[in-house]
Every structure is written in structure tokens, then in C-alpha cells.
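Number of protein chains: 8
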Amino acid sequence: MHPDHLKKLMEDVAAGRLKPDDAVAQLATLPFEDLGFARIDHHRFVRRGFPEAVYGEGKTSAEIARILDTFQDRNVPALVTRLDAPKAGSLKKRFKALVYHRRARLAYLGDPPDDLIGSVVVVSGGTSDAPVAEEAFLTARYLGASAELFQDVGVAGLHRVAAALPSLRKARAVIAVAGMEGALPSVVAGLTGAMVIGVPTSVGFGVQDRGKTPLFAMLSSCVPGLVVVNVDAGFSAGYAAAVINRLKEPA
Amino acid sequence: MHPDHLKKLMEDVAAGRLKPDDAVAQLATLPFEDLGFARIDHHRFVRRGFPEAVYGEGKTSAEIARILDTFQDRNVPALVTRLDAPKAGSLKKRFKALVYHRRARLAYLGDPPDDLIGSVVVVSGGTSDAPVAEEAFLTARYLGASAELFQDVGVAGLHRVAAALPSLRKARAVIAVAGMEGALPSVVAGLTGAMVIGVPTSVGFGVQDRGKTPLFAMLSSCVPGLVVVNVDAGFSAGYAAAVINRLKEPA
Amino acid sequence: MHPDHLKKLMEDVAAGRLKPDDAVAQLATLPFEDLGFARIDHHRFVRRGFPEAVYGEGKTSAEIARILDTFQDRNVPALVTRLDAPKAGSLKKRFKALVYHRRARLAYLGDPPDDLIGSVVVVSGGTSDAPVAEEAFLTARYLGASAELFQDVGVAGLHRVAAALPSLRKARAVIAVAGMEGALPSVVAGLTGAMVIGVPTSVGFGVQDRGKTPLFAMLSSCVPGLVVVNVDAGFSAGYAAAVINRLKEPA
Amino acid sequence: MHPDHLKKLMEDVAAGRLKPDDAVAQLATLPFEDLGFARIDHHRFVRRGFPEAVYGEGKTSAEIARILDTFQDRNVPALVTRLDAPKAGSLKKRFKALVYHRRARLAYLGDPPDDLIGSVVVVSGGTSDAPVAEEAFLTARYLGASAELFQDVGVAGLHRVAAALPSLRKARAVIAVAGMEGALPSVVAGLTGAMVIGVPTSVGFGVQDRGKTPLFAMLSSCVPGLVVVNVDAGFSAGYAAAVINRLKEPA
Amino acid sequence: MHPDHLKKLMEDVAAGRLKPDDAVAQLATLPFEDLGFARIDHHRFVRRGFPEAVYGEGKTSAEIARILDTFQDRNVPALVTRLDAPKAGSLKKRFKALVYHRRARLAYLGDPPDDLIGSVVVVSGGTSDAPVAEEAFLTARYLGASAELFQDVGVAGLHRVAAALPSLRKARAVIAVAGMEGALPSVVAGLTGAMVIGVPTSVGFGVQDRGKTPLFAMLSSCVPGLVVVNVDAGFSAGYAAAVINRLKEPA
Amino acid sequence: MHPDHLKKLMEDVAAGRLKPDDAVAQLATLPFEDLGFARIDHHRFVRRGFPEAVYGEGKTSAEIARILDTFQDRNVPALVTRLDAPKAGSLKKRFKALVYHRRARLAYLGDPPDDLIGSVVVVSGGTSDAPVAEEAFLTARYLGASAELFQDVGVAGLHRVAAALPSLRKARAVIAVAGMEGALPSVVAGLTGAMVIGVPTSVGFGVQDRGKTPLFAMLSSCVPGLVVVNVDAGFSAGYAAAVINRLKEPA
Amino acid sequence: MHPDHLKKLMEDVAAGRLKPDDAVAQLATLPFEDLGFARIDHHRFVRRGFPEAVYGEGKTSAEIARILDTFQDRNVPALVTRLDAPKAGSLKKRFKALVYHRRARLAYLGDPPDDLIGSVVVVSGGTSDAPVAEEAFLTARYLGASAELFQDVGVAGLHRVAAALPSLRKARAVIAVAGMEGALPSVVAGLTGAMVIGVPTSVGFGVQDRGKTPLFAMLSSCVPGLVVVNVDAGFSAGYAAAVINRLKEPA
Amino acid sequence: MHPDHLKKLMEDVAAGRLKPDDAVAQLATLPFEDLGFARIDHHRFVRRGFPEAVYGEGKTSAEIARILDTFQDRNVPALVTRLDAPKAGSLKKRFKALVYHRRARLAYLGDPPDDLIGSVVVVSGGTSDAPVAEEAFLTARYLGASAELFQDVGVAGLHRVAAALPSLRKARAVIAVAGMEGALPSVVAGLTGAMVIGVPTSVGFGVQDRGKTPLFAMLSSCVPGLVVVNVDAGFSAGYAAAVINRLKEPA
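Chains as they are written, first to last, in numbering that gives the first Met the number 0: chain Y, 0 to 250; chain G, 0 to 250; chain F, 0 to 250; chain L, 0 to 250; chain X, 0 to 250; chain P, 0 to 250; chain C, 0 to 250; chain D, 0 to 250.
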């Protein structure tokens, strides 16, 4: 509930247009609509100018379709994450405008953002990290960030960081995606003054433990300026980078 | 090695002031001095205008003193983290100007930052989370951020978020510190458009598992815009917030 | 063995209708039939007026059929949990009256409870938690509770709690189902004076760890009045809620 | 904010006693004061007629004293949990009326509940489980439940269940406390029709894993009607039992 | 190498039938043939009158066939464990006498033991534990033990222990198989004076953790006389029970 | 309740010496007294001719003294396990006859067993494993087994197994105690036809994980005839060995 | 960048053939090309005379083909690890010279090493460990080591070590591959003066935990001279052995 | 038993100097004395020219003294690892020649090795890793390796690797010691052609998990040529490096 709306309610009561009892009845649902929690759902993305996001895993394509309908009705663009190809296929039959990125398992419905600002750089350790890296990269872009993607920049190709260095050095936020031992974000955090968001991936075997080892390594890193998201959480990283990227001049 | 230095070296060779062999000898150590890794040590903090940071745990006060000497010689301010009171006591005998924050186990040596800019807000779940929250808050401030600290804003006092809301809403970066089930960062991330850095603490018992449960909960959160640092890692959070806080207007 | 049965046995001995040796022979099996453990099996559900419950996983449909036969012979209604669709299909060929809920993987054979009393409210965090939430809801209902189900009440829709609030506030037991970081039960426990049974689900990825993270988060919650069952244990939650729901006025 | 308070506010506006703008200003903090979360803090215990509860661990006795002052000013009784003996000693100097239970590490300040109703039965597995069992028992009593405590009812003394059986059979809620392999709650849940709240304790060694083994065993139990709280969480169990115990006749 | 063989070797040398050098050459391989390790392989089963055992998992049916050939040549009976049905099918084509137990995934090739002695009793918690229980039961029998199998004796049917009690009370070794919370072995160990071998199974879900919970519960049990084998290790339990079962009168 | 007792009860009823109602009253507590569970407590040790056992950890010496009084009154010998030296000291003041083994943390009160029969062999891996090995050894002896103890037979001294071999080969039960990687029980199981009870100890560091690594290694051993008890559980192993050791000739 | 290349650059500048500015431009990428990190990629294998290695998992055969093209162009031999049969099939269509080892999931493209030197011995515990053992063996050979492979040398066949002993005793590096409890490397490390590289495999079940148990056991081993690689990491072990094997006489 | 000894035995029998029965008696202990296991104990260190090693933790200084006596009698030098200062103090009273390194918790008794050969380089990540790094360094030296130690070469000082590079490049074995995220060994393995032995330390907090995170990171590293030892296992690393370091020219 917008403060103006609240003030209007008060004025209606003051003006006798609304009885106190009716105002109470209206306000009964207000604390939840008006608290941040609820706003997350209705207003957060819109307020931020960000598209809505739908977690595609564990939902049927029919369920996703119904959700997309709602957004389309409200003319709100939407991202669908963790969407597998068969579901994407059936959704595309209904939503012709839906764009689907198979590797990133990401779909987008709506007008793309008008102009991309700032600079988000995504680097990834190896070819196998590509799905997560691309999910992060595309998310950042769909959320309005001018973004670059440097893949396969792991221990098996760190020299390629050289090519990325000019970008890294002027980046407002860096996303470093790595499986195996997850050392890339530490290395990158040492090379740039920007905030680095580490994204561990489940690439590896044995004690790599489906991503827990790089996750814990990133969290235990002795290089400051590094924060971390969940294993394979490309969307979360892209979202966070987009939030940082939009910051204005500090007061 | 500064690019100018490198160019100078080339010019010396071109001018015959330096023999190719001697230049090769000089360059032998260069890749390491000139790569980001090394710069972390020598130049990163300085380049950023941030003080140096010393991890105090597992170092004797004599070792820390020797490190602080180096920084003092170079006129570089320094933070010492995870410094217990006895070590701080013996350091203060030698470094009169050292400021020690007992609860945060944080010491600072040097001139404080000239002016504090932007807005970093630290909220913590409970009284027991205070040491970590204060470490984050003080770190952000010593790194030049205008910061506010709202303590005891957990499930046992969420209404106090109300007081923090105006600050949260205009914050450039938010740090949310919580032990137990670690739900606070999710709640706060829903209330603000800013980046939220979750800091799990080891406060709790049983399956709280010395902080792993709130850490994993924060990483598994379904609210986007939330990134995470290690358990009890107040310094890391403060550092990351300070980096974000300083961002200029995006291009 | 019913106390009356035991007394009858004694009277038969006293009356000379039964020889002490024969009574001993009968009683040889009694300690086990008569102790709570055994009664669980034979009498517990019946005594409570609850249907029998069969754990369907790891049993063939032939085995389940044989068990259902026994119950049908004794005219005892029965629930089959964790029953997949193919097994349900072959059981329905034999037991025409069997009702199968595919999403909840729950089957029921017998007359439904006569009247539903009290009030059990089930809330779930997201669409993907639906199977567990429906299993809890249907279990509570088949065990005689008047129940309501509010789905998709997670961080992505907490405002819908508003609609559920009147129900939550008058509920005798609340079941809160959540995956991801599992914060919903803590939130709900803060909103209601009723006992809240938290059900973590395996919805999520990475360190969500197939439900351990929300489980541990619920157990570590600082909100009192919250108890917990196993990951995805909708039946256990529904059963416990039904037990609570039936309580009479305290002495 | 009590609904009456809210209505009063409206009436004040309607009567011209309060300007719309001032009402808006008052309501600005309301969503948080008026939502369940906040009510937890201010009103939950009072609304329920329960005393306030303070988590004593990680708080200094000075901090606890300040909190108790607040409650005393509002004439609200209070429990302090996980309070060690030295802190209790210094608190008693200030609060003469404070009652301290050393084994349960529990303190109480205020008038005891007027009359104890219903029936909560606490059984514990062994002598070493006594601190947790007593914390659960005392909590239930201070929250108004008529409670009984049967200790040392583990595998080394299950026959003592016999003595407890009449109590167990008429209990409205049972709390079963056990370390080691944690089988007691399963056994007790088979013996009673009441809801059983299992409390794992950290008593044991090796793979007992400071309570995780009995916790997981209780959660994995095949006996329905059993719910669980955190390791050593006697207060949580006592609180939940008190909530259940007070239920009225269902509609 | 049998002690008699060794003595024979010495006598051959003493008698000049064998040159010292040749004896040394023969003995070169002896330390390994003659130490227990090696005897495990060649002689252990034979010495004990036990059939050989082949771990079927991860071996092709061709590999297993070659191993069985060796045993058949030496006229030694053999067990194949963890043998899936397709491999068993192709082995049966070649070894007509092979007996395959599909549920226990166990095959036997050779003459069955002449007479079964002593008494091994296998009890299992539920229908889903049947494969493990049957593997234990059949192993004990093929290794010469007179064995009985009581299935489905869990918390959902403990009264059936009554039927098993006379057998349990005269058993020389008891095998108790249980998934879920794994309480059955503790209960059975309390009912019998015999050694109880607990076999945890992977039956259950959530924190049952593919058998770790019942394993840890059995290891943490406060009832003495209970030892444990690996999760789902029916063969190990059957083997150990057979070893115990054959013990003669103590000196 | 002894079967004779039960028959006597019936006869009393049959003879009119006991009214049916009174018999029912007596029998009301019977299921629990007469079921194995209860017998564990009252009769198990006595029936077996074993002393009672008291778990000393987490009990005050006063509590232990009260328990020992009970046993002394009934003229039943008793073992106290995990008893630290200070508690043992104060117990010795009251029970002059108490024998205390400091290293094994084991006390014994009562007449020692009349004659030791059979053969239990305890081998341990290293000097640091001594407390656990001695607890196992002494337990077996106090429970009537003729026992031998071979210490420091690990990888740093396996040749000493040679000295133990004759004993191992005629042992009825072997206890193998090992920390570190826990390979000793596997090796010993290969050298003997007897049942081997592996006891992992918490000796080691890093991933030895306070005993979990040798525990899991023993459970994963590919040598059959090996069963396992909890980490550092010398008493459990000694008890189990004593049970096996007493077995008579099989039928 | 080869030192000669660097010197050439300097000479070009000194000779006026290259302008300082252009040299700076070339050197801009140099710190990364010239630091070890980068050299790993471009030069490490070549410098060592080792073929390049490509991690095949998570790469499409098209991606692998493009990488192999690069190597073929530079006339550098290459290993592809963890390559499944379908991908190998499609690669063979394009690279006729590709040799594929199905069991080891290893492919090799290029001329085999000219002569094999030194001595690497690979021993494995069981038939199921063959894929890992062969991967280690083939890797060592393709990297120029004269290697031998002794399979199935576990507890179920340690006497076969006898045959391997002469090889083990003269080996420069030994690779010991084992699943289950992972005791083989400890045993082998006791039998040889050479460095032993333990390779745990995921062969086993229950608490074997997909290789963590043998891994931890090897790391906890009390036998010195034993180092360890990741679970199933045959390539890593073969590579390390090849590095050791090539060592020259020490100065 | 030396082959010559064995041949002598045969000749004695052949010559009638030894009766076959007596030879058998002597040989009864032989398999164990003659197998590698036993040789580990008696001969391994001597055969290698390495001093004996005693694990000091969990042994009393009296026990250690008795062991050192044995070595001194045999004129064999000895290392004592994990020896705390008080024990070292009391040992020094008895063994005047004992050299004690307090930080490394390492003692040495005997003549130091005559000449140090080859080249072992130890690098450590930070000051807090010093105890482990020094234990590795001293062990390598006492075992005859010419060794160098470069401390504090972590992310907070990687440029110091530059100074170490010439040493690293000509090292025969490198030991890389690191806590926190454990990235140093991966970095070092990329910089050198030598075998790198990674030693994780328990330095760090939170998910660093007392060394498991750097251990798992090192094991998951994508840089080949890296092997690993247990957490804080400086002795194991030094020993392994010394074994590698002594290798002669390959055949």
C-alpha cells in the first residue's frame, strides 16, 4: 500500500466518506500488503525496474504458463530460471515471444531492457561451468547491466585473464564462476578493485562434493572483497551484480 | 610494476642505458610483482585508498608489531582483525595511537578516513551477534563508509526494523548478521532494494552447527539480491560493503 | 488384549473353565500383544478411531494388496502413503473403492471419517512444495480434522498469508511446509498462537542439501511453539496435527 | 497494535481529534508493530498469558538485567533460559524474587501461574538427560501446565514406564527426552495416544555426534504422532507442550 | 601353506631331497602365501569349511564366470553376492547348478552344506528390509547354520516378536535388520541373551540418510551385546553369525 | 516375571486364593515387567551371571553411589564405566572393596567371577589406544572370560602379531582396537577364524575425525567375520566378546 | 613467453627495431603469459615433454574436437580423460589416429612417447577398481614412464603382492588403488621404499560413502611415505608418478 | 628375515645342524618377521637410512623415553613428532643430546645426517601455518634432504614467490602448506615442474572446518602434479619429499 493510498484512506475517514469500521476492515489485510515481505511479491521487481523471476524447477509448464499470463496481463517482463528444454518447448507454443537460452536453462518473456548501463564482467573457470556462467551473464543483461562474458579462464587458461583484465579493472561488479577447487574467484578478487561474486559450480568429482568444496573454499578465502552465492546459482549472482551495477554516485 | 616503470625500462634499453641482459634480469621478478596477486599485497589497499588488513589470529603480538612497523613506515593505515585483548594490550604499549575495539576484536592504527561517504547499514539479529555486527560496522567505517548499526533486530525484535527502515531503504549496501536459523537476511533482502550481505554467526546450539545452518539457509534463500560471507566473517562483510558503497555513477 | 479380555481370562480360570496351564499358554504371547508396542499395530489406530497406515515405498503392489485385504476384512479404513501411480493403478483394479491422490502419492480405502472437527491449517512455501503440503492436508482430513490448505505462501507470496490469517489465528494446529531456506514456519509461528509443525522439503539445490538446510533452520529457529518432522514427511505432520486437533477441554 | 487501538485511531481521525497526516505518521511504524513478527516481541507472550522468555547464552548479566527491568516495569513475568550459575548469582542480587533452577539452567521472575491445568508428562532416558528434562518440565509448569516428570526411563529402566503409564495414557502432551540412540520417544509414542515431542540430547559419545544421532533417529521414526525439537532444546519442548496442553474443546 | 607342508619341506631339505637353494626359492613366495592375508584368499573359506564368496557388484558376468570356474575346478562351493538378475541369468546359462535368490541378489554354486547346526535367528523391521534380511538369512544357511527368518517385526509389528521369542531365546546369534530409526536391534538385544548383530538398511527418507541414521543409532545404543555391520550388509551379518554359531564348548 | 510366577498367579486364582480383579491389578504392570525391555534392567545381567553395568559419565559420584548401594543390597556385582579418577576417589571412600582401573576408567565392585573360561584376545594398534583396549580386556574378564591383551600391534609393530598368533588362532572372540586408519581389524580378521570385533578409537588427527574414519573403514572392510562397535566403546566390545565366549556346543 | 623471446624483444628495442611503446603493448599481456599460471596452459606440458591433457567430462565432443585441433596444429600430443564411449566414437570419426581405452575412459592423440624410462608400478585392490587403475597406468605410460600393472591385489588376493614384490621393491613410484576400506596403500607403503600414491575409489557401499572412507583412511594412515589424490583420480596419480619417475640423480 | 638368514637356516637343516622341527618352530614367527609389515617396524627406516619416527601424541614421556632407549641401544637416530613442550622438557633431562623444535613440536635424538642432498622446497601460506611448515621442513632435513623454507607466501604475500621461484624451479620436491581456502599448492604446482605435496592446515574459521576445506580444495585441484597429505601433517609431507628427493637417475 502506497503511503499516498494510506493517506487517502485517512482522509476518507476524516471526511466521513469511510466509516472507521470499514477502514479497519480494509486495514486488516494491510500490514501484510504493506510490509516489505508482501512488496517483494507485488512490487519489488517493478519498483526496481527489474522483470519478475519464476523458479522453473518443480513446476509444470502449465503452472508456469499461468504465472506468465499474470505477468503478461500486467505488462511485466519475466525471467524463468532452471527451465528445461521440454517445458520451454511447450511454453514457446503458447508464448511466441518467449526467448529461451538452452544452455543457461533461462527463458525471457517481454521487451528487453531499453539500454544497458554500467559494467558487469562474468569470468568462468572452464567449459563445463558454461551453463552457470551464461545464466549469470544473461540474468545481469536482462536486468539492465551492460555485461561481458569471459569463459574458460581457469587454471587451464588463466592467461586469458589478460584479455579480460581491462574489462575486469573497470567493472562495477565481477562474477567469478568456478568448480573444482574454486580458486578462480580468489585470484580474480586480487586482480580487481570491484566487488567479486563467487559462484561455485558442481563441476568436479570425489571430494568436490557437488560444489561444496569450491563453495567452502570461496567462503574461506583470505582475499577480501569476495562474496558468495549458492552452488550453481548463476541467477542469484547475476541479480546481485545487476543491483550493484545500478548504484548511483554516493552522497 | 607500474606501466610507466615498464615503459621507462624499455626506454633505458632503447637508449642504451640498460643492457638487454640486465633488463631480462630485472623482468625475471616482474611477472610476480606486476600481477594482481602481488599487487594485493603491495598495492591493492593503497590503490583503493583502503587501509591494510592483518589477520590477527595465530600471530604473536611481536609478529603483528613487526607488520605494523612496515605499514607505519610507509604511512599506511592498518586494521588488525580477530585480535584478542591481551595481544591488543601489548600492542598498545608500543603503538600509542592504536585504537582497539574489544567486542569486535578489531584494532586500527593510522589516521581515520577523512570523510565518510554513502550509506552502509548493518542490522543484527540478537545481542549475542554483537561482536560480528560491530566488526562489520567498524570495518565499513574505517574503510570510508558512512555506516549505521541497528542491533538486536531478530525475530525477538523485528519491529525495530521499523526504525531502521528509512535507513535500509536508502542504503547502498546492507549487512545482515544472524545466528540461529539465519532468517534475518532473507527478511531484510525483501525490505530493501539494496544489495544485502548475509553474515551467519555461530550463535545457537544443536544442529545450528556453529553457524553452518544459518550459512546454508542464507545461501538457499529464495529472495534474490542476497550474497553471503563466511561464518562470523564481519570483516569480510564490512570490506565488501565498503567496496560497493564507493561505486560512482554508472556509465 | 483388552483389559476386559484379561479379566475374562482370569474369571475363566477362577471358574475352572480354563486350566492354569492353558491360561499360561495363552498369556505367553500376551506381554507382547498387550504392551503398547504391539498395540500400536493392532489397536492404536482403531483405539484412536484413526485409519491404519501403510508405508507404500519399497513394497510391491501385491504386498500392499495383501495388507489392505486384512484391513478390509476387519473393516478398518486404511491410508497408503508414498504410493506411486503405477502401483496405485494396479491396486485400483482390485480395490474399486480406493481413492488415489496422485500428487500427494496417497491412497485411501474405506469410509471417509463421519464428520470433520476442529481446525488444521496447512500453509506451504511454493508450488514445488505442493506434494508434501497436500499429503499433510489429506492425512489430517482422513484422520478427521477439518482442514484448510493455503499453498504458495512463501517469500514469493507472503502477502497471501493475509488471506490465511483469520484461519491461522483460530487454528488448533498449523502445518508449515517449506523448502529452500525454510523460513516460513518461523514466520508463521510468529503470527499465530497455535502449535506449528514445520515440514522441511527437499525443494532447492546446492547447500539446500535435499532438505537438511530447512530442517536444521526450523530446528534452530528462535521462535518458540515450533516443532519439526522429517524432510518431506507430510504424513507425519498431518498425523500429529490430527492428534492435537482432537484434544478435548483440559481438566 | 490492538485492533481496538486501530479503531480508536480511525475514530480519532473521524472525530477530527487527529489529523490525517499525523495518523499516517503513526501508522508508518504500524505495519511492523502490527504484523505477527513484531507481536511476537511485544504481545505474543502476553496475549497467550505466557511469560516472556530470554535466551541467556551470549548475554552478559547486565544485559539480561536490563531486559528483566523492562518486563518488571510492565509487570510481565519472565523466564531466562540457558543461564549459568554465576550470571544467575549476580542477577539474584538485583532481583530478589528471581527463582533459579541450577540443573535446568532456568530462572523465573514474577508471580507463578495461578493454576496449573491439563497434563504434560515428561519422561527422560537417563540420569544424564536430567538437565534437559528438567528444563522442559519447569518450562511447561511456568507456562501453566500441570506437569509430571519421570526420569531415568531409558533402556536401562523402561519398566519404570509402567509407573508412568497411567499418566502417559491421560497426558495431553508428552515430552520424551533421550540421548544415546534416542529410541525412547518412539517407544513412548507407541504407548500413548497423545502427541509426543521428542527432545534429543547430546548425551553419548562417538557417532552419537553431540545429539545428531538421536535427533535423526527420532525424525526417521516409523511411529506416527512424534514431532521433534533441536538437540538439548528443553525449553522449546516445554513451550510447545504448554501450547498444546491449553487447547479447548474443538468445534 | 599348511604347517605339515612346511615341515615336509624341511624334511626334504634334511633328507637331501631338496637343495637349500631350491627351498629358498620356494619359500620366497611363502611369507605372503603363509601369512594370514594370503590365506584369506586361498584357504580361509576352505579351512573353515565355508564356501568362497565373490562380490558381484562391479564385475562383469564374464569375470564372475572365470572366478567360478576356478572354484568349480577346485570343487569349492561359492557364493556370489550383490548379483543382479541379468548377470545371474547369463551365469545360469553356463552354470546349470547355480541357484539364484533374486530378492537377496545372492547366488550359490556347489553342494549345499551337509547338515545345518546351531541356531541363527534373523528378524527384520519391515517388508522393505526383506532383501537385506534374506541375504543375511541365506548366507548363514549356506555357511552351515540352522537359521530362521522372522520378517516385518518392526515398530509396525513388534507383537510378532512374540512368535519369535522362543527362537530368539535359544538363538546362538541373532541378526536384527532395520531401516528408519533402527531401534529394532536395541529392542531385540534387550530380549535375548544372545549376541545381536545389527544391520542398518537404507530404507527411509530425509535424514535417514541412506542408512546412516539407523547405523549410528545402533552404534550409539545403550543396550550391551549389540554389534553392527555396514548399511545393507546382509552378507557380512550372515557370515559373522555363522562364525559365532559354530563355536564349540569353551575350555 | 518368571513363567513359574505367572503359573503360580493362575493357580492362586484357580484356587480362589486371589480374586480375578486383584490378579488383573497385578498383571496391569506385568506387560512391562515381563517384557524383555524391563528384564534388561532387572534380570538380564543376573540371568546371564553378568555383573550390572553403570554408565559413569554425566552422573555425579553421589548418584553412582546410590545405584551401587542398590546392587550391593541385592548382592549383585557391578561395573562402572567411563568413571574419571576424582569420582572414583570419592566412591572408594564409601566402597572400600571398589577396584578402580584408572587408564580404562573402569571400576568394579563385588566378588570377581569364580573361574574364567574360553578365550578372548584383545589386540590394539598403538600405545595411545591403551585406555580403550584395557577397558575391553577388563570388561571381558570381569564378565568371566579368560582374556589376553596384546598391545601396540599396529602398523608400527605388526610383527608382534606373530607372538599373538597362537592365541588369536584359538580365540573364541577377538577384539581389535585401532585408531588412525583402522586397518588392524581387517588384518586380524584375515589371520583368524574367530569372530573379530573392531573398536575404532579417536586416536589421530585431521580427517581421522575423532574416530569416524577408522569406524567407517572397519564397516567398509572387505574381510568377512568382522563386526564393529562405536568409537572408543571398549566396554561394548568386551561385553559382546564375553557373550560369544560363553557359547556352548551347538545342537 | 620463453626467456629467449623476452631477450629478443629487448634486443629489438635496443636495436631500434621495436619502439618502446610497441614493446610495452606487447608486454601488457606478458605478466600473465609469463607467469607460471599462464605457462601452465601454454608451456607446462611442452616444457616437461608431457602431452596436453583435456578433462573430457562436461564437454561436448565438438568442443573437445576443437581443442584437439589446436594441439594437432601445434603438433602436441594430447590425452583426453573421463571420456565416455559415445563421445570417443564421434571423435574417432574425425581423428583417425585417436587411441581410446574404454575401461579407463582415456583417449590419446599423437605419437606415443619415444622410450619409456624408470619404473612406475600400479597395484589395485579389486576387479572393480580396474577403470581407475588402468587410467593411472596408461597415464603414466603416455607420460613416458615404464609401467607395470598388478590388478586385484586387495585383501581378497594380497598374496599376489608376492608376484609384484620384485617390481615394487625397485619401483621409483608406486600407485596403490583401493576402494572399500582403502587399506592397500598402507600395506604397500610398508612393503616398499618408494613413494606410494594412494588412489581411493568409489567402490563399496554404505558408509564407504562414494570413496570418502578409503580417502580418509589413506590420509589417516600411520605409515609414512604415502600421499593421496582425489577419489577415482587415476589421471592425477599417473601424472604425479610420471613426474617423480623422471627425476635425475640428486646434486 | 634376510634371505641370507633364510638360506642359512636351510643349510643348517641340510647339514643336520638344525632339526626340521626346530626349523619349523623358528619359521613359525617368520612370515610376520619377513613380510613387509613387520619390516616396516624393524627395518624400514634403517634400510632407508632414515631415522625412526615416534608419534608423540597420546604417549607419556616415560613411554617415549623407553622407546628412545631402544633406538639409542641400537644406535638408530629417532624423530619424535607432535611432542609438546612439557614432555620435551622431561625427555631432555634424560637425553641430553635431544634437540627440540618447539614450534614444530619435533624432537631429534642422534647424529644429524652426514650430508644433505638434492633439493626440497617448503612454501607456506601464512604466519599461522608456520608450525606445520617447519615440521615439514625439519623432517625433510633430518631425513637427509637439502631443504629451503619460504614462509608467508600466501595470497597476502604471493609476490614473495618471486624470490622462491629459482628454488622452486630446480626443486626435486615441493611442499606447499596452506590453510584458509588452500589455493597455494595449486598456484605453486602451476609454477614448477616438480611434484608438489599439498599440506592443508587447520588455520581459518567457519566453513574452513579445521582444515577440511583446504584439504578438499587441494584434492579437487585441476592442476596436475599435486598430491596431498592429511590436515596439519607436516611430518608426512617432509617424509614423502625426502623419499622423492633421494631418487637416483632412472634406468
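Wrong hints could be hidden among the right ones.
Stated by the list, open to error - From the derived model, a few chain X residues whose C-beta atoms are all more than 12 Å from chain C:
# : residue
1 : E62
2 : R81
3 : S201
Said to hold, decoys possible - In silico DSSO-like links for lysine-lysine, alpha-carbon gap of 30 Å or less:
#  : chain 1 : residue 1 : chain 2 : residue 2
4  : D       : K18       : D       : K7
5  : L       : K18       : F       : K169
6  : L       : K247      : Y       : K18
7  : G       : K169      : Y       : K247
8  : D       : K247      : C       : K247
9  : X       : K169      : P       : K7
10 : D       : K169      : C       : K7
11 : F       : K7        : P       : K7
If you are wondering where the hints come from, they were derived from the structure by calculation, not from laboratory data. Quick reminder that beta carbons are idealized off the backbone N, C-alpha and C, glycines included.
Cross-check of the supplied hints:
In this structure E62(X) is not separated from chain C by more than 12 Å, as the shortest Cβ-Cβ distance comes to only about 6 Å. Separation of R81(X) from chain C is inadequate, the least Cβ-Cβ distance of about 8 Å not exceeding the 12 Å criterion. Once the 12 Å rule is applied to beta carbons, S201(X) is inconsistent with being away from chain C; the minimum gap is 8 Å. This hinted pair checks out: K18(D) and K7(D) have alpha carbons roughly 13 Å apart, not beyond 30 Å.
Simply put, K18(L) and K169(F) have alpha-carbon atoms about 35 Å apart, too far for the 30 Å limit, and the pair is violated. Restraint check: the Cα-Cα separation between K247(L) and K18(Y) comes to about 35 Å, which exceeds 30 Å; the hinted pair is violated. With a C-alpha separation of about 11 Å, the suggested pairing of K169(G) with K247(Y) holds against the 30 Å cut-off. Straight-line distance between C-alpha atoms of K247(D) and K247(C) comes to about 6 Å, which keeps the hinted pair within the 30 Å bound.
Restraint check: the Cα-Cα separation between K169(X) and K7(P) comes to about 24 Å, which is no more than 30 Å; the hinted pair holds. With a CA separation close to 24 Å, the supplied pair K169(D) and K7(C) stays within the 30 Å bound. For the proposed pair K7(F) and K7(P), the alpha carbon gap of about 18 Å is at most 30 Å, so the pair holds.
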